[in-house]
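Each chain is listed here by its residues.
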Amino acid sequence: MKQSAAKLAPRPAERLIQLSGAGVKYRFMTDADLTLRGRVANLIRPRNGQRREFWALKGLNLDFSRGEVVGLVGPNGSGKSTLLRLLAGVIEPSEGSIERPGRVSALLEPTGVLNGNLSGRRNAFLYAALNGIPRSDMAAALPRIEEFAELGPFFEVAVRTYSSGMLARLAFSLATQFKPEVLLVDELLSVGDEHFQKKSYFRMMKLIERGSLVIVVSHHLGFLESACSRAVLLAGGEVQGDGPAGQIVAAYRKRFG
Amino acid sequence: MRRLFGEAAGSRELFAELLKVQMDQRYSGSVLGFVWVLAVPLITILSFSIIFSGLSGWNLADYGVYFFCGYVPWSFFQASSLHAAESIVGNAFYATRLSMPKQLLPLAPVALNGLDALITLAILFALMPLLGAPFHMSMLCLPASILLTFSAVAGVALLCAQATVFFRDFRYLLSSALFLWFFFSPVLWKPESLHGPLKEFYRLNPAVPFLELFQLPIRQGILPPAETWMLASAWSVALVLAGAISFAGNQKRFYYYL
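Just so you know, the protein sequences line up as chains A and B, in that order.
Be aware that the first sequence starts at 1, since it is given in our numbering, and climbs by one per residue.
Be aware that the second sequence starts at 1, since it is given in our numbering, and climbs by one per residue.
No wet-lab data here; the hints were simulated from the structure.
Beta carbons are placed, not taken as given, at the ideal position from N, Cα and C, and that holds for glycine.
Simulated pairs of lysine-lysine, BS3-like, Cα-Cα distance not exceeding 30 Å: (1) A:179 with A:199; (2) A:206 with A:179; (3) B:252 with A:25; (4) A:25 with A:254; (5) A:254 with A:198; (6) B:252 with B:20; (7) A:179 with B:252; (8) A:58 with A:254; (9) A:58 with B:252; (10) A:198 with A:179; (11) A:25 with A:58; (12) A:179 with B:20.
Non-contacting residues of chain A with respect to chain B, defined by C-beta distances greater than 12 Å in every case (computed): (13) 75; (14) 241; (15) 246.
Label-pair distances were calculated between CB atoms; the ranges are: (16) A:54 with B:169: 20 to 30 Å; (17) B:57 with A:30: 48 to 58 Å; (18) B:253 with A:116: 26 to 36 Å; (19) B:199 with A:134: 52 to 62 Å; (20) A:255 with B:9: 44 to 54 Å; (21) A:211 with B:246: 33 to 43 Å; (22) B:36 with A:160: 19 to 29 Å; (23) B:115 with A:157: 24 to 34 Å; (24) A:54 with B:200: 51 to 61 Å; (25) A:160 with B:226: 52 to 62 Å.
Turn these sequences into a full structure, and let the hints steer you where they fit.
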């Protein structure tokens with residue numbers, strides 16, 4: 001766990017993701033904006049003088065390369081999760097552009113895309129289908145997924161009965177089993193216990209050795225310092241710093257700590 | 001639009017998995033499970049046939065076959081539209097956390113309800129000898145009837161799914177509109193019972209050609225006229241194009257409304 005990721009990681013070379021002047025604009029949505037009745041009422045009596053839009057991300061120019069472990073740090077509302085969603089392809093930039101590879105594995109929440117009504121096993125097949133992994137490959141990988149997730153008989157039970165740690169183990173096990181080119185992780189690693197965090201850390205290190213790009217959002221600064229080779233500091237939707245993880249985390253502590 | 005169909009065609013495993021999940025969720029909570037697929041239409045058809053054949057003075061068996069022929073495509077259309085309307089909002093966790101072909105979400109309930117409709121149609125065929133209704137050569141056109149109806153319903157499903165994303169109260173409007181539309185469509189009543197200008201205007205109802213594609217070959221043993229085929233084809237093409245083009249244009253905005 002103490003081993004530096006920078007030593008394990010190969011020299012960053014091939015660029016996998018490139019953001020060029022990318023920005024994401026959100027609209028403030030009220031209940032009235034989401035109903036036909038509200039929209040008609042707004043047409044008849046427009047609500048003027050309200051700021052209806054804001055930029056969650058603005059003018060991002062960032063490159064991410066194969067073999068990097070990048071930590072995203074920033075205060076709440078700085079745009080970290082929006083950036084992960086942009087990188088995952090869940091949202092498209094409102095301005096600028098993004099280039100990304102085909103195989104991106106994203107763990108955007110501890111529950112990920114796990115369906116609460118399905119068992120761990122059924123969720124594994126659903127995950128495979130959602131991520132374009134052939135069913136036969138998933139069937140072959142199931143014993144390894146089950147072993148890593150350490151769910152025992154709960155693997156056959158509906159995941160709505162799982163604890164947050166169990167959900168995190170299953171989600172992480174699924175996301176990392178098929179060696180994605182890019183792994184995006186949002187706060188997941190802070191959910192599990194120390195044993196899970198250690199296992200996850202070593203699994204991530206293996207992915208990095210094989211050339212994957214890992215981008216992690218976490219408020220656990222110690223974890224980011226030890227696991228990441230690089231960090232990006234976001235605030236107000238803009239990049240405030242980009243460099244070695246130790247240096248960026250120190251800057252974050254100084255400014256927001 | 002080509003990308004929309006290409007993505008859907010390339011996601012067969014995901015489509016199959018979504019269907020399985022929907023089937024599980026639909027039947028796992030009920031004691032009778034899959035038996036409901038058979039029981040619900042049978043109970044509906046039996047009760048409506050007894051009540052309305054009595055009220056209208058028509059022969060029960062003849063009315064039963066007539067109602068069955070219209071009820072199968074109508075219930076397919078109604079259930080698919082309502083389920084599709086909920087499909088993206090109800091599965092927002094997929095649409096907001098994964099880059100996936102979102103058009104599969106409304107198309108999955110269309111496929112599932114299509115399967116139910118085919119099973120119900122098979123029940124009708126099994127009951128026809130008991131009701132004294134003969135099989136006709138004209139019934140060989142039913143695969144084309146099914147294909148046209150399926151296309152039109154898929155187009156409507158894509159439209160309903162988007163509408164609910166942008167307007168959450170659309171589902172309530174849809175439910176009420178479908179209820180009214182049912183009574184204005186020749187499912188419970190026969191066009192022969194209309195008089196005067198109503199007899200001309202009822203054909204403006206877009207549901208009419210699709211109902212005729214089933215009612216004429218099964219009950220009356222005649223092939224639907226060319227006008228019916230042309231109207232149904234025109235509606236199918238228009239609805240598929242409207243659904244697919246608008247979905248392709250709007251899907252990037254879904255995230256912000258979910």
